[in-house]
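Engineer: Starting from the known structure of chain V, fit chain S onto it as the hints suggest.
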Amino acid sequence: MRQRRRTWQTLLTTTAFVTAAAVSLTACGGSAQEPKAAANAAAAFEGKGPINYVSSRDASGAAQKSIDEWNAAHPDQKVTFIELPDSADQQRQQLIQNAQIKSDTFSVLNLDVVWNSEFAANKWVLPLPEDAIPTADMIPATVNAAKYRDTLYGAPYYTDGALFYYRTDLLRAAGVAAPPKTWDEMKAACEKVLALPEAKGMSCYAGQFDKNEGLTVNFSEAVASAGGSIVDAEGKPTVNTAEARQGLSQLVDGFKDGLFPSDAITYLEEQGRRAFQDGKVVFLRNWPFLYSSLSATDGSSSVAGKFNITSIPGTKGPGVSTLGGRNLAVSPFTQNKATALEFIRFFTSQEQAQKRLALSSRAPAYAALYEDPAVVAKRPFFPTLLESLTNAQPRPKVVQYGATTKAIQEEAYAALTGAKDTDTALKDMQAKLEEITAK
Amino acid sequence: MTTTVTSPAPSAPQDLKNPNRGLKTRTPGEGRMAAMLLSPTLLVLALVIVYPLISAIHQSLFSAESGLDADGFVTEGEAFVGLANYADLFVGESGRRFLNAFGNTTFFTVTTVLLETVLGLCLALAMNRAFRGRAFLRASILVPWAVPTAVSGLLWRWIFQSDGIANSLLGSEILWTAEGTASKLAVIIAEVWKTAPFIGLLVLAGMQIIPEEVYEAAKIDGAGWWRQLGSITLPLVKPTLLVAVLFRMLDALRMFDLPFVLIGPGKESVETLSMLAWDESNQLRYGSASAFAVVLFLYVAVVAVVFVKVLGADVTGAKKLGSKKRKATRSQKAEATR
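Chain order of the listed sequences is V and S. Heads up: the first sequence begins at 13 in the working numbering, then just goes up one per residue. Heads up: the second sequence begins at 854 in the working numbering, then just goes up one per residue.
Note that these hints are calculated values from the structure, not bench results. The beta-carbon is built from N, C-alpha and C at its ideal position, and this holds for glycine as well. There could be a bad hint or two in this list.
Label-pair ranges, simulated between beta-carbon atoms [stated by the list, open to error]: (1) S:Asp924 x V:Ile94: 29 to 39 Å; (2) S:Ala1003 x V:Pro62: 27 to 37 Å; (3) V:Asp265 x S:Leu952: 39 to 49 Å; (4) V:Pro97 x S:Val1163: 17 to 27 Å; (5) V:Ser314 x S:Arg982: 25 to 35 Å; (6) S:Val1163 x V:Asp244: 27 to 37 Å.
If you only want the chain S side, here are some residues facing chain V, beta carbon under 7 Å, derived [claimed, not checked]: (7) Ala923; (8) Gly925; (9) Phe926; (10) Val927; (11) Arg982; (12) Leu1023; (13) Ser1025; (14) Thr1030; (15) Ala1031; (16) Gln1136.
Bound-form chain V, shown alone:
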C-alpha cells in the first residue's frame, strides 16, 4: 500500500512540475508585449538578399513568369513564391499571425484591397515612398484604395470592378434600344422583356445576396449608386442617410416585387453565373471573370453571343462599382527590404503588367493598357471595365474591416430576408458601425 502511495506521489510531483513549467511558459508568452517601434518610411528600405513573395494562388502562371524573369536577372536576390490557401479569410489569418510574431519569412505580401487599412494601421506593412511607384499612370481609384490616411502602403497589382451583364437578344426582341443606365430604366426594360413568350419564367436581375462578402459589395454598390456612402472621409459611418435608405430599399423591393429570383438570397458569384448562363435572369451584376465562361462557344454556355456588358445601373445615372483587386506591400519584419521594394517596383511595372496579360485575364492597374487595341481584341470587356473602374469606390476603408463587413452583412441580410424592415436594419447597422469605429 505504501509503495503504491509513493508511486502516486511521484506521479503527482511530475505532473505538478510539468504544469508549473507550462504556466511559466504561458507567462513568458503573455509578457512579451513590447511597444511597436515607430515606422520610419525613408530609412526603412535597407538590405538586399533573397526574399519570399506571399500570395494567393495564381492558376494562370503569369505571376510565376514575372518572378522567373526577376530571378534570372537577380541571381543573388532570389524571390520565392509562397502560396497561401484559396480562402481569403485563411490568407488574412496567416498573414496576420506572421506579422504578430514578427516573422521574417513573409517579405512581400499580396493584400486584398480591403485589408489595406487594417495592415497599415497595425504597422504590419511599411509605407511606400510615393515616387517609387508610378501612381500617376494608374487608375486613380486603385491608388486611392492602396492608401491609408493619404500615405501609400501598397503597389496596385491588379484590380477588379463590377460589370453589368445583359441579354442582347432579349432586349432587341423587346425593342429596348440601349441597355439601361439607371435602376428605373432596368425595371422598365424588364417589364417589356418578361412580356415576351421566350422570356417565360425568367426573372429580371440578380447579384450576390448570400451572407458573404458579396453582399457587402452589392450593398455598398447600391448605396453608392444612390449617392450615399457607408463611411465618410473621416471613417465615420453614414448609413442612416436617405441615400443609404434608398439603396437598400432598391434591393429589398427587388425581392418583394419579384424583380429578383426568389432563390437569389442564396446566390454567390457562381450561382449567379449559372442563373444567367441557363437563361434564368435578364440582367446580372458580376465580376469580369465571368466573361470568358459566358462567351464559351463549346456548348457550355447557352448565352454565348447573346449577351453584352455595360456599367452597373445607378439611381440617377450609371452606378458606382466597388473596387476589388490586390496590392503588394512590404513587411517591416523582413531582412531584405531594399530587395522587396525593388521587386515590387519590377513586378507592378507597366511592362510586367502587360506581359502578364498574355496569360492572365486579371485587370491591370494601368489605364493605358485598357485602350491598347491588341489587348482589347483579346479582352473585349476591358473598355467597359475601365469605365466602371474610373468612378469606382473602395469598400469602407476602416481598420476593423472584418467586424465592419460582418455588421453590414448581418443587417443587410436581415433586411433582404424581411426579418427587419429597412429602417430598423439601417439604424442597427449604423449603431454597430459606430461601436466598431469608436474602438
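Structural biologist: Leaving out everything else, chain S in the frame of chain V:
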C-alpha cells in the same frame, strides 16, 4: 482525452474488490520505475493538452484594448479584464449570439446523435445478417465516414442548392442554404448521413462478439426476432453502443466544418460554439475567442463526465445483466436438456 477518462472505469471496480491484487508481486523500485516510464507520456500530454488549455484560460482573462492614435495607427495593449469576457457571454449582442450558438450546438448534438444511434443500430442489424454481398455492403457503408467532412459539406451544398437535386426530387423550392429551419435540417441530414456508419460499425463489432448459442437457446425457447433484439442483442451491445454514442456526442458538440461549409459562416440558424470561437479569433479578439473556447471545453467536459458516470453505472449494470443472462441461459439449457 476521452479514452483516458473512460479506460479506468471498467477496471476500477475490480481494483476495489481486490485491492491487494497485483501489489504482492511489486518490488520497492517498481513504482518509481513506472513513474519514470510514464513521464514521457505525461510530458507529451502536458505539452499538447495542459499547456494549450492553461494558455487559453490565461488568454481569456485578457482583452485587446485597441484604439487609434492621432496618425491613425493602432495603439495596442492587452488589459487584464478578469472574468469580464465570461460575463459578456450573457449580456447584450454578444450574449445573444452566444446563447444562440449554445442552443444550436445543443440542438444539433441531441438531434443528430439520437438519429445516428437509431440509424446506426439499424445498419448494424442489417450488416450482422449473413447474406450474399455482406462484405460489399459493409465496405460501402463506410464510404460516408471516409469522406472528409469539408468535402461532404461541399457535396451536400451542391445537393441542397436552390436548383439542386434535393429541390428537384422534392419538387419544392426550399432555400436550404439561407437562414431558417431548412438550413438546420440540411445540417442534421448531412451529419447523420456521415456519422451513422460510425455508430453502425462500432455496434456491429459489439454484436459479433455475442455468442451464437445465446440466440440458438432463445430460438429453442421460442423467442421471436423482436424478443431476441430486446432481450439479447440490445443489452449485450449496450456497452459498445454507449461508448460510440459518447464519442459522437463529444464530436457533435465541437461541430464546425459541416455547417461552415454547407451553410456558410455567420448564419445564425446554424452557428455553433466552435464557429463563434473561430469568428472571434478571426476578428483578432483572442480574449473573447478563448472565453468561448473555454466554455465549450467545460461544456464538453461536463457532458463527458456525466455520461461516463452514467456509462460506468451502465457498464456494471450490463455486466450484472450479462451474468444474469448467462445464469438464465444455463438454467434454460438445463431446462431444455431435461
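Engineer: Now tell me if each hint is right for this structure.
Structural biologist: For each hint, the structure was consulted:
no.	hint	verdict
1	S:Asp924 x V:Ile94: 29 to 39 Å	holds, 31 Å
2	S:Ala1003 x V:Pro62: 27 to 37 Å	holds, 35 Å
3	V:Asp265 x S:Leu952: 39 to 49 Å	violated, 33 Å
4	V:Pro97 x S:Val1163: 17 to 27 Å	violated, 42 Å
5	V:Ser314 x S:Arg982: 25 to 35 Å	violated, 50 Å
6	S:Val1163 x V:Asp244: 27 to 37 Å	violated, 59 Å
7	Ala923	violated, 10 Å
8	Gly925	holds, 4 Å
9	Phe926	holds, 6 Å
10	Val927	holds, 5 Å
11	Arg982	violated, 42 Å
12	Leu1023	violated, 14 Å
13	Ser1025	violated, 11 Å
14	Thr1030	holds, 5 Å
15	Ala1031	holds, 5 Å
16	Gln1136	holds, 5 Å
In this structure, the earlier hints numbered 3, 4, 5, 6, 7, 11, 12 and 13 are contradicted, and the remaining ones agree with it.
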